[in-house]
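A.B. asks: Produce the complete structure using the sequences and hints provided.
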Amino acid sequence: MDHATAGALFRAAVAGDAAAWKALVEGLSPLVWSVVRAHRLNEADGIEVYQTAWFRLAQHLRRIREPDKVAAWLASTTRHECLKVLKAARPLPLSDHPQVFDRFSDEPTPEEAVIGSEEAALDRERLHRLWQAFHELGERCQRLLRLLMASPAPNYLEVAAALGLAVGSIGPIRQRCLRQLRVLLAERGVR
Amino acid sequence: MKDEEWENRELEDRLRRAAEIFDPLPAGALQSAIDAYALHTLEAELAELAFDSLERTAGVRGPGRARLLTFRSPPVTIELEISVSGGTGHIIGRLLPPQPARIEIHGRRPMVLTADPLGRFSGEHLPTGAFSLRCRLPSLVVATEWITI
Numbered sequence: 001m002d003h004a005t006a007g008a009l010f011r012a013a014v015a016g017d018a019a020a021w022k023a024l025v026e027g028l029s030p031l032v033w034s035v036v037r038a039h040r041l042n043e044a045d046g047i048e049v050y051q052t053a054w055f056r057l058a059q060h061l062r063r064i065r066e067p068d069k070v071a072a073w074l075a076s077t078t079r080h081e082c083l084k085v086l087k088a089a090r091p092l093p094l095s096d097h098p099q100v101f102d103r104f105s106d107e108p109t110p111e112e113a114v115i116g117s118e119e120a121a122l123d124r125e126r127l128h129r130l131w132q133a134f135h136e137l138g139e140r141c142q143r144l145l146r147l148l149m150a151s152p153a154p155n156y157l158e159v160a161a162a163l164g165l166a167v168g169s170i171g172p173i174r175q176r177c178l179r180q181l182r183v184l185l186a187e188r189g190v191r
Numbered sequence: 001m002k003d004e005e006w007e008n009r010e011l012e013d014r015l016r017r018a019a020e021i022f023d024p025l026p027a028g029a030l031q032s033a034i035d036a037y038a039l040h041t042l043e044a045e046l047a048e049l050a051f052d053s054l055e056r057t058a059g060v061r062g063p064g065r066a067r068l069l070t071f072r073s074p075p076v077t078i079e080l081e082i083s084v085s086g087g088t089g090h091i092i093g094r095l096l097p098p099q100p101a102r103i104e105i106h107g108r109r110p111m112v113l114t115a116d117p118l119g120r121f122s123g124e125h126l127p128t129g130a131f132s133l134r135c136r137l138p139s140l141v142v143a144t145e146w147i148t149i
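Line by line, the protein sequences give chains A and B.
Take 1 as the starting number for the first sequence in full-length UniProt numbering and just add one per residue.
Take 1 as the starting number for the second sequence in full-length UniProt numbering and just add one per residue.
Certain hints may be false.
Example chain B residues on the side facing chain A (calculated, C-beta under 8 Å, incomplete) [stated by the list, open to error]:
hint, residue
1, Arg14
2, Arg16
3, Phe22
4, Pro26
5, His40
6, Gln99
7, Ala130
8, Leu137
9, Glu145
A few chain A positions that, by computed beta-carbon distances, are all more than 12 Å from chain B [stated by the list, open to error]:
hint, residue
10, Asp2
11, Ala23
12, Arg37
13, Glu66
14, Asp68
No farther apart than 25 Å at their CA atoms in a straight line, the calculated lysine to any residue pairs in the SDA-like style are these [as the list claims (entries may be wrong)]:
hint, chain 1, residue 1, chain 2, residue 2
15, A, Lys69, B, Gly123
16, A, Lys22, B, Arg109
17, A, Lys22, B, Glu4
18, A, Lys69, A, Ser151
19, A, Lys69, A, Ile173
20, A, Lys84, A, Ala121
21, A, Lys84, B, Pro97
Worth flagging that the hints you see were computed from the coordinates, not collected in a lab.
For each residue, glycine too, the CB sits at the ideal point set by N, CA and C.
C.D. replies: Written as structure tokens, this is what we have:
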């Protein structure tokens, strides 16, 4: 979701348009979830932080000064809540540990249903191997790349707000991490 | 010839598809965010988070240690001490200036507490997760900023 669309939806929500709020939530939820997972929160804590971020935005509807930056506001708020939850360091059941965290949905996506099952299974297998290779990267790379996986891709201002990085450092880190991932994929023969 | 940036974008697109399959937003979460809108068209004075011991304390904090929070609105200050153990929280709070109030806890499971004439209140078995207090005072309603406990 681009800035102008998010800003327009946000302004409409402030003016009382519940449908605009719903569209905003749908459009920016992948970003919020990516920030949560970039900080390696488990699912239960992640849902709590996701909710806190949205509840707080709803509460601050009339106080946000720059509606076009609502995505960056959400990214930054989510980050701060993540850091607090990590600091409170609630004990983590092993099964919930992010490293072994791998949730398959058995339902084929609409896209898969169209492609056909055999080809879709191959495609899924390739994506799964990519997903495994991604988890072998260092923590810094996993954090940045997980955030960049938000759909649609966040811009660098939002990435900076989500990870507490300087805008100028993002490009070089991204380049380095993607190169490392390509090396891993080549070693494993994943294309 | 493919340049490296083209390859970067192609790889990111594949990662994005992988995340959609292997790490999607959990079902049900979306609806809670959509529902938040109705909750906040209710009129209340906002008490902003002015102090949080989690922001101050350096180093590792063990579970069970109390978290100290202060929320401020122009007319009222709300001080809280929250300790979490075994998946539930224990809360002790006070209102300044001291006054009686009905305290509604919003979160996974709503609860109602009562502040005595000195503004003191306490409660047990708070659910963890997103958390906000709505304090109904004799003259107005004050809601604290949402936090995660």
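A.B. asks: Would you check the hint for A/Lys84 and A/Ala121, treating anything up to 25 Å between C-alpha atoms as holding?
C.D. replies: violated, 40 Å
A.B. asks: Does the alpha-carbon distance linking A/Lys84 and B/Pro97 stay inside the 25 Å limit?
C.D. replies: violated, 29 Å
A.B. asks: Going by Cβ atoms only, is B/Gln99 closer than 8 Å to chain A?
C.D. replies: violated, 23 Å
A.B. asks: Taking the minimum C-beta separation from A/Ala23 to chain B, is that value above 12 Å?
C.D. replies: A/Ala23 is in fact no farther than 12 Å from some Cβ atom of chain B, at 10 Å.
A.B. asks: Given the hint that A/Lys69 pairs with B/Gly123, test it: the Cα-Cα distance must not exceed 25 Å.
C.D. replies: Not OK: A/Lys69 and B/Gly123 at ~38 Å, beyond 25 Å, violated.
A.B. asks: Using 8 Å as the Cβ threshold, decide whether B/His40 counts as touching chain A.
C.D. replies: holds, 4 Å
A.B. asks: Quick check on B/Arg16 please, does its C-beta sit within 8 Å of some C-beta on chain A?
C.D. replies: holds, 5 Å
A.B. asks: So, as I understand it, the hint says B/Leu137 touches chain A; can you test that by seeing if any CB pair is closer than 8 Å?
C.D. replies: violated, 18 Å
A.B. asks: Far enough from chain B: is every CB of that chain over 12 Å from the CB of A/Asp68?
C.D. replies: Given that every Cβ of chain B is farther than 12 Å from that of A/Asp68, nearest at about 20 Å, it holds.
A.B. asks: Given a cut of 8 Å on the nearest C-beta pair, is the interface hint for B/Phe22 held or broken against chain A?
C.D. replies: holds, 5 Å
A.B. asks: Have a go at the B/Glu145 hint: is there a Cβ in chain A nearer than 8 Å to its own Cβ?
C.D. replies: holds, 6 Å
A.B. asks: Quick one, is the B/Pro26 hint okay against chain A at 8 Å, beta carbons?
C.D. replies: Hint on B/Pro26: holds, closest Cβ of chain A at ~6 Å, below 8 Å.
When each numbered hint is compared with the structure, violations occur for hints 6, 8, 11, 12, 15, 17, 20 and 21.
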